[in-house]
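Each chain, written out:
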Amino acid sequence: MVIRVESAPFDFTTEAGAFGAGRHDIGAIVTFCGIVRDLTGDLQAMQIEHYPGMTERALMKIEAEATARWQLADSLIIHRFGLMRPGETIMMVATAAAHRADAFAAAEFLMDYLKSRAPFWKKEQSRGGETWVAAKAEDEAALTRW
Amino acid sequence: MVIRVESAPFDFTTEAGAFGAGRHDIGAIVTFCGIVRDLTGDLQAMQIEHYPGMTERALMKIEAEATARWQLADSLIIHRFGLMRPGETIMMVATAAAHRADAFAAAEFLMDYLKSRAPFWKKEQSRGGETWVAAKAEDEAALTRW
Amino acid sequence: MINVLYFAWLRERIGVASEQVETQAKTVADLVAELCARDERYAVAFEDLGALRVALDQDLAEFDAPLAGVREVAFFPPMTGG
Amino acid sequence: MINVLYFAWLRERIGVASEQVETQAKTVADLVAELCARDERYAVAFEDLGALRVALDQDLAEFDAPLAGVREVAFFPPMTGG
Chain X
1 MVIRVESAPF DFTTEAGAFG AGRHDIGAIV TFCGIVRDLT GDLQAMQIEH
51 YPGMTERALM KIEAEATARW QLADSLIIHR FGLMRPGETI MMVATAAAHR
101 ADAFAAAEFL MDYLKSRAPF WKKEQSRGGE TWVAAKAEDE AALTRW
Chain U
1 MVIRVESAPF DFTTEAGAFG AGRHDIGAIV TFCGIVRDLT GDLQAMQIEH
51 YPGMTERALM KIEAEATARW QLADSLIIHR FGLMRPGETI MMVATAAAHR
101 ADAFAAAEFL MDYLKSRAPF WKKEQSRGGE TWVAAKAEDE AALTRW
Chain W
1 MINVLYFAWL RERIGVASEQ VETQAKTVAD LVAELCARDE RYAVAFEDLG
51 ALRVALDQDL AEFDAPLAGV REVAFFPPMT GG
Chain V
1 MINVLYFAWL RERIGVASEQ VETQAKTVAD LVAELCARDE RYAVAFEDLG
51 ALRVALDQDL AEFDAPLAGV REVAFFPPMT GG
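The listed protein sequences derive, respectively, from chains X, U, W and V. When the letters of the first sequence are read in order and numbered with this note's numbering, they come out as residues 1 to 146. When the letters of the second sequence are read in order and numbered with this note's numbering, they come out as residues 1 to 146. When the letters of the third sequence are read in order and numbered with this note's numbering, they come out as residues 1 to 82. When the letters of the fourth sequence are read in order and numbered with this note's numbering, they come out as residues 1 to 82.
Think of the hints as simulated: they come from the structure by calculation, not from any bench. Bear in mind that the values here come from a model prediction, so they are computed numbers and not experimental data. Glycine included, each C-beta is placed from N, C-alpha and C at the ideal position. Some hints here could point you the wrong way.
Chain X regions said to be covered by chain U (calculated; three or more residues, Cβ under 8 Å) [what the hints assert, rightly or not]:
#, stretch
1, 23-31
2, 61-72
3, 94-106
4, 131-137
Put together the whole structure using the sequences plus the hints.
If you want it as C-alpha cells, here you go:
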C-alpha cells in the first residue's frame with residue numbers, strides 16, 4: 001500500500017513492472033494510468049494544484065476504504081502536481097488481488113473517489129488563455145454506485 | 001487493436017509501456033494482467049491448452065464487440081498457451097480511451113468474455129497430480145451484466 | 001467426412017485430439033449419439049452434455065444445431081481463459 | 001486565530017493563498033459572512049457557496065459545521081483529480 005504525491009514525472013512502465021513483482025499470491029493486477037490528453041491540439045500544458053497534507057490524508061482514507069472493502073494483496077497510488085505537457089502521465093493507480101473482480105472493483109473505486117474527493121485542481125493552458133477544469137456531474141454521480 | 005496468442009513469455013512492463021505511447025488523444029489507459037497464482041505453495045506449473053484458429057477468431061469477435069460498444073482509441077489482448085510457472089504472466093488486456101469509464105468498462109468486458117468464451121483450458125500440476133481447472137459459475141454469471 | 005476435435009479432459013478421456021468421422025448425422029446431438037454407440041470411451045466422455053460445449057467451424061453452437069455444410073466440429077469442457 | 005487557505009480559482013479571485021484570521025465565528029458559514037463583509041473580493045468569490053467546498057483541519061466538512069477547536073479552514077472549488 002503505497003501513496004506518492006509528487007511533482008516529478010514518473011515512469012508508468014517502471015512502476016507497473018515493479019508492482020506485485022515476485023509475489024505468488026497475486027492472480028490479477030489492474031492498472032489505471034491518467035494522461036494529459038489534447039483532443040484538439042490546442043492544449044499547451046496542464047497545471048495541477050493540490051492541498052499539501054490534505055491530499056495525502058484523503059488518499060490514505062480512500063485507499064484504506066478500498067482495502068477494507070475488497071481482498072487486496074497490494075495497492076499503489078501515484079499522483080503528480082505542477083506543470084505537465086500533453087501525453088505526459090498525470091497519475092496512476094494499481095491494484096493486486098487473488099481474483100480479478102476485486103482488483104477491478106478496487107481500481108475503479110480508487111479512481112472514482114480520487115476524482116472528486118482528493119484535493120487536486122486542474123488548469124488548462126492553451127494559446128487562448130488559462131481555464132480551470134470544471135468538475136463533472138458524472139464524476140460526482142459515479143460515487144453513488146459504491 | 002492487436003491480438004496475440006503465443007506460447008513464449010512476454011514482458012507485461014514492455015507491452016504496457018508501448019501501448020498508447022506517443023498519442024495525445026488518450027486520457028485513460030487500463031491494463032489487466034493475469035498471473036499464475038499459487039496461494040498454497042503446492043502448484044508446480046500451469047498448462048494452458050487452446051484451440052488454434054478458433055482462439056484468434058473468438059478474441060477478434062470479443063474485441064470487435066468492445067470497440068463497437070465503447071469509445072476506444074486502442075486495445076490489446078495477449079494470451080499465452082503452454083507451460084507456465086507460478087508468478088509468470090498468463091495474459092494481459094489493455095484499453096485506451098479519452099475517458100476512464102470507457103477504458104474500464106471495455107477492459108472488464110474483454111476479461112469477462114475472454115474467461116468464458118475464448119477456447120482456453122487450464123490444467124494445474126502439483127505434487128499431488130494434475131487437475132483441470134473447472135469453470136466457475138460466477139464467471140458465466142459475469143456475462144449477464146453486459 | 002467431418003473433422004472432429006476434442007480438447008482438455010475430453011481429449012484425454014477419448015484418447016485422441018482429432019479424427020475424421022464418416023457420418024450422416026443431421027445434428028450435433030445425432031453425431032454424439034453415433035460416437036457413443038461406437039465405443040464405451042465416447043459414452044463415458046459424453047455422459048453429461050451439460051458439462052460440455054461444442055463449436056461448429058470454430059463458432060460456439062448448441063447441441064441441436066444442424067451439421068449440414070459443417071467441416072469441423074469441436075467438443076470441449078467450459079472454457080477457462082484469462 | 002484560524003489559518004484560512006484558498007485554492008484554485010478561489011485563491012486567484014481572493015488574491016492570497018492563505019491568511020491568519022482573527023474570528024469569533026461559530027460556524028463555517030459565519031466565517032464566510034465575516035470575510036464577505038470585510039471586502040468585496042470575498043463577497044464575489046463566495047457568491048455561490050454551492051460551487052464551493054470546505055475542509056476543516058484537512059477533512060471535508062459542511063458549511064454549517066462548527067469551528068470550535070478548528071485550526072485550519074480551507075475553501076476551494078469541487079476537486080478535479082485523476
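These are the hints, each one checked on the structure:
| no. | hint | verdict |
| --- | --- | --- |
| 1 | 23-31 | holds (count 9) |
| 2 | 61-72 | violated (count 0) |
| 3 | 94-106 | holds (count 5) |
| 4 | 131-137 | violated (count 0) |
In terms of the numbered hints stated before, the structure departs from hints 2, 4, listed from lowest to highest.
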